[in-house]
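Go by the hints and put chain B onto chain A.
One-letter residues, chain by chain:
Number of protein chains: 2
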Amino acid sequence: MPVFTDQVIYNEASMQAEVVSVGSELLLGQIVDTNSAVIARHLAAIGLDLYYKTTVGDNLARLAAVLRLALERSQVVITTGGIGPTADDITREAVAVATERELQFSESLMAQIDAFFRARGFKLSPSNRRQAFTPRGAIAVENPLGTAPAFIVEVAERCVITLPGVPREMEHLLVARVLPYLRERYGLKGEIRLRVLKVVGLGESRIGELLADLMEKGLNPTVGTLAHLGQVDVRIAAKGTDAEAARRLIEPVEAVVRARLGDLIFGADADTLEGVISARVQRLGIRVAVAEFGSAGVVAERLSAGLGQGFAGGVILGDPAGATRLGGDLEGGASPEAKARLLAEAVRGWQGVQVGAATVFEGDPGSEPPVTVVGLAVAFHESLESREYRFGGDLPSMKIRTATLALDLLRRTLERVA
Amino acid sequence: MPVFTDQVIYNEASMQAEVVSVGSELLLGQIVDTNSAVIARHLAAIGLDLYYKTTVGDNLARLAAVLRLALERSQVVITTGGIGPTADDITREAVAVATERELQFSESLMAQIDAFFRARGFKLSPSNRRQAFTPRGAIAVENPLGTAPAFIVEVAERCVITLPGVPREMEHLLVARVLPYLRERYGLKGEIRLRVLKVVGLGESRIGELLADLMEKGLNPTVGTLAHLGQVDVRIAAKGTDAEAARRLIEPVEAVVRARLGDLIFGADADTLEGVISARVQRLGIRVAVAEFGSAGVVAERLSAGLGQGFAGGVILGDPAGATRLGGDLEGGASPEAKARLLAEAVRGWQGVQVGAATVFEGDPGSEPPVTVVGLAVAFHESLESREYRFGGDLPSMKIRTATLALDLLRRTLERVA
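Sequence lines, in order, name chains A and B. Start counting the first sequence at 14; every next residue gets the next number (the numbering used here). Start counting the second sequence at 14; every next residue gets the next number (the numbering used here).
Where hints are given, some of them may not hold.
Identical chains blur together in the list; that is why a pair holds if it fits in one copy or across any two.
Pairs of lysine to any residue residues, derived as SDA-like cross-links and limited to a Cα-Cα distance of at most 20 Å, are as follows [unchecked claim]:
hint: 1; residue 1: Lys-211; residue 2: Asp-284
hint: 2; residue 1: Lys-136; residue 2: Ser-218
hint: 3; residue 1: Lys-202; residue 2: Asn-233
hint: 4; residue 1: Lys-211; residue 2: Ile-278
hint: 5; residue 1: Lys-230; residue 2: Val-269
Derived from the structure by calculation, the hints contain no laboratory data.
Chain A with its partners taken away, still in its complex shape:
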């Protein structure tokens, strides 16, 4: 099973944490639990390992039993969900049972909840009073983003940290309150820093071969890859005594990766292809038009969302005849790539802008299993860049892959020509 190599670092930590997600809707898969992954990443950054994640329905006895077990095997137990105002929100009660304390009404929590409602002009419902109860001796964690107060119960050297299930509130409280608390209480000093280099144009296995020496187990930093459709992230994770030390460990490794992968790397960390293209389009004061035959608007959608005014418009062809309405003629192209070249120039002219991009999908009738041939082209100034790919697999994946490769061809063309 493919395991991301960051875990090598996670496993070095000595302290152990676990997450308990509460809610029948999570158990039944009606809502996907994104909180655990967010918690895992934040805990890793302070050197805490996440070892288990348990999901339990809204049942007091079962949740209390799970919490008791969690406290036996982990120093830090974090719960998410089940602290709303209704009767099936039973996390408060379950933590009280598992830590053998009574629930206690807190006037100051009640005042906070009351203030939250007043500020928004809402009427406090009697059931919100439930939320002002926490296990005796709990450390209240004020929640400025919602009505559900979070709290921490310390049990000897261990603790149960109870957070809301709403992802935005959960992450805010985790970062603003819980991480500082954990650092302080457990004297956690290690820092993990992550640098992500984003690559288009080379498969994950080929990148793995090129970086094999950096990806060996036990190194610090670790280097790992994570494949998306059409894009691969190279993740460099370093553990240092502080953030600056971790950063210094990353620098030389990043330099090696960049030397080997060159301009296949389009950006780092939060960079997106759209962002990189948008910056260049704005600087040049140009606009981009796109025509798609087969990819049905996925390129246009990404450009529209990412380029703002730099996106002039797009045309989605339902059949080859659509090209004639743009003043083009796909009959002149012998291959999908040749057709994409005609289409890129046609849509640029039709829209009256500086840059035209195009995609053309065509089945290859001779191949078994079925293959789709995808032609991509970008017309800019005198330059007409193009590529051709052969894809198997399902159409939705093919479209996502095509959008990424088309945007990357656009990025390269703008970088080369301008």
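Showing chain B alone in chain A's frame:
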């Protein structure tokens, strides 16, 4: 916390099951676990409750401990993942440890794995030999879709069922082998049937009011709602002694729901708006074109994927001037709805087809918090249907909502006019 009302039925069951998902990549949130939800639904259909879901990394000791605990509290334990050929696939070993058996090499499993590779022209790697080991006395479950053989270990009245992590393989084995095994072994007779009615054009809370009497707790069938962006599913779940009995319980309730919601219901179960539209478009022998100003291709993408040849093409406008290239002029429209009406007729003419659909987004500068006004229109024969909505929230959600509402307007127009 909002809980889907199906669970009322789930809780009536007497037998208890739990899922153990294996894989560090699941724990770290690099892959989202969809298997548990699929298992929950299939188990519910034979009257088995899912009470816990635990995720564990690729660690033998921790996984074995979790499995031991699971066997203490649940009759049926289902594992997914960790049975591949590599060294970090440790589920086989962990099940053996937890059930106190040795691993045993199976010649017949090895022959199956070998045959799978031969049939595909792949070379068997020595590590695949690992996959022919199962705990002594295990019932082998042949996996025709992959190389990872599944198996069942019976422990007195309980059992551990070990399935692959690949969702397609997992669900196939679950349905084809595991459910019949569970029915047979535990004499499970209850059947749950689910009927989903799909609604566009009314919010979840309003539907909840209209169906309040049907949604009370403790009824059989239960009625619940599940909101998507722009669409609400009304789910009717009945438990009967067999499938036919469950179906008979659903019928009168479905009739009541249909009487109250009328043509807001566009279909049931696996129906999609695209499918309903496609059937009508094919029967009428017409084609649809679309122009989008603001929604950036989301309507075109759904029509393209759903209508095949019935989708003639689409135009995505980057600015209002784009309309002139279609022979239209948005200046003539006083509102987004009026502009959408002009655009729907323009794109229909430009494409030379029978049906034109259009979307127009416009900010309302006077509103705080910001609101986007969305105009939708469909031109077909002499008919020109249109709607206007005011949306808050983020652009991606707005686009999804718009696509659903535009498709629904198209469906209604085709039904009314044709």
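To see whether the hints hold, each was checked on the structure:
1. Taking identical chains as interchangeable, the C-alpha atoms of Lys-211 and Asp-284 lie at most 20 Å apart only when both belong to the same chain, with a minimum of 8 Å there against 39 Å between chains.
2. When the C-alpha separation of Lys-136 and Ser-218 is checked against a cutoff of 20 Å, the pair qualifies only between copies, where the shortest distance is 18 Å, while the shortest distance within a copy is 57 Å.
3. In this homomeric assembly, Lys-202 and Asn-233 come within 20 Å of each other (Cα to Cα) only inside a single copy, at 17 Å, whereas the closest approach across copies is 56 Å.
4. Taking the shortest alpha-carbon separations for Lys-211 and Ile-278, only the intra-copy value of 5 Å comes in at or below 20 Å, while the best inter-copy value is 45 Å.
5. Taking identical chains as interchangeable, the C-alpha atoms of Lys-230 and Val-269 lie at most 20 Å apart only when both belong to the same chain, with a minimum of 18 Å there against 62 Å between chains.
Against the hints set out earlier in the document, no violation occurs for any number.
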